[in-house]
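**Q** Based on these hints, arrange chain B on the given structure of chain A.
Chains A and B are the protein sequences, given in the same order. The opening position of the first sequence corresponds to residue 22 in this note's numbering, with each subsequent residue numbered one higher. The opening position of the second sequence corresponds to residue 149 in this note's numbering, with each subsequent residue numbered one higher.
FYI, nobody ran anything at the bench for these hints, they're computed from the structure. Nothing here was measured: the structure is a model prediction, and the numbers come from that model. Worth double-checking, as some hints may not be accurate.
List time: in silico SDA-like cross-link candidates among lysine to any residue, alpha-carbon distance up to 25 angstroms [stated by the list, open to error]:
#1 K131(A) with S167(A)
#2 K131(A) with R189(B)
#3 K131(A) with A181(A)
#4 K131(A) with L222(B)
#5 K131(A) with A164(B)
#6 K131(A) with E92(A)
#7 K131(A) with P163(B)
#8 K131(A) with G43(A)
#9 K131(A) with R233(B)
#10 K131(A) with A157(B)
#11 K131(A) with P35(A)
#12 K131(A) with E27(A)
#13 K131(A) with V200(B)
#14 K131(A) with L220(B)
#15 K131(A) with G221(B)
#16 K131(A) with E259(B)
Listed below are the residues making up each chain.
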Amino acid sequence: MISIGERAPSFFLPDTSGAMHGPAGPGPTVVCFTCNHCPYALAWHERIVAVAADYAPRGVRVLAINPNDAERYPLDSLEAMRARVARGEFDGVPYLRDESQEVARAYDAKTTPDLFVLDSDGVLRYRGAPDQDHDDPARNAAWLRSALDAVLASAAPDPAETPPVGCSIKWRP
Amino acid sequence: MRVELLFWAGCPSHPAALSDLRAALSEAGLDPESVIVREVRTEDEARAEGFVGSPTIRVDGRDVQPAAGEPLGLTCRVYRRRDGRYSPTPDPADVRDALRTATEAAHARHEGRIA
Numbered sequence: 022m023i024s025i026g027e028r029a030p031s032f033f034l035p036d037t038s039g040a041m042h043g044p045a046g047p048g049p050t051v052v053c054f055t056c057n058h059c060p061y062a063l064a065w066h067e068r069i070v071a072v073a074a075d076y077a078p079r080g081v082r083v084l085a086i087n088p089n090d091a092e093r094y095p096l097d098s099l100e101a102m103r104a105r106v107a108r109g110e111f112d113g114v115p116y117l118r119d120e121s122q123e124v125a126r127a128y129d130a131k132t133t134p135d136l137f138v139l140d141s142d143g144v145l146r147y148r149g150a151p152d153q154d155h156d157d158p159a160r161n162a163a164w165l166r167s168a169l170d171a172v173l174a175s176a177a178p179d180p181a182e183t184p185p186v187g188c189s190i191k192w193r194p
Numbered sequence: 149m150r151v152e153l154l155f156w157a158g159c160p161s162h163p164a165a166l167s168d169l170r171a172a173l174s175e176a177g178l179d180p181e182s183v184i185v186r187e188v189r190t191e192d193e194a195r196a197e198g199f200v201g202s203p204t205i206r207v208d209g210r211d212v213q214p215a216a217g218e219p220l221g222l223t224c225r226v227y228r229r230r231d232g233r234y235s236p237t238p239d240p241a242d243v244r245d246a247l248r249t250a251t252e253a254a255h256a257r258h259e260g261r262i263a
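The shape of chain A in the complex, shown without the other chains (with noise of 0.2 angstroms):
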């Protein structure tokens, strides 16, 4: 389990076509768990998109990681992540896949989605939540905003915690 102000474990995951991808970087990365078949996740999904497409000029990338069991939970397989990157459904947003499930564990993550912002130094400075409701888009993911913003400024995010929501993450048996 990492804490806010500590470095984060690093990765290298493929994505939908094979390619490798890390939050090393000359910018903060978002790190965002996340898969196809749980409706908060699905709820929150173009909220996130939208926050990659609105940062990326400043040099923040966003990485989704789908790291759900795909034996039990069909939904969750690498086809089934193809089929919607093919639909337009990542744009900007490359959707890696941990099949061993070891990034999931080395980050603890909780839930689909949780979130994990990373400053240019692989710092973690936020964790949890897009925002304060999944079902109202209105929202606009500001818990995550506000945390890239002030990482962007070097100050810290407030908060810089908020309690993951989602549903569980699907973890082998």
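**A** Only chain B this time, still in chain A's reference frame:
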């Protein structure tokens, strides 16, 4: 009228669904405490119940938002609101419609017996 809410504890949406359901019952002049709440604990139970995800609300045995071809199992159910948004709970308007339909059907049966 038999109103059931089936849930799986691994999904956090059932308290909100139960609250919405009780509000819809109150609006319809029905007893909000009449909901039969049942937990589905295992995959075997899910198959036996025809459970496609949590929460599932049935009025007189009919799903308030019938699921077409969804697999049975312990999962969070994905609903679509009437405006197209994804949601972990059914649209309250669908719940109200299901209650209204069941009430009208009950009245029709009652009047049929009287006639």
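**Q** If any of the earlier hints don't hold here, list their numbers in rising order.
**A** 16
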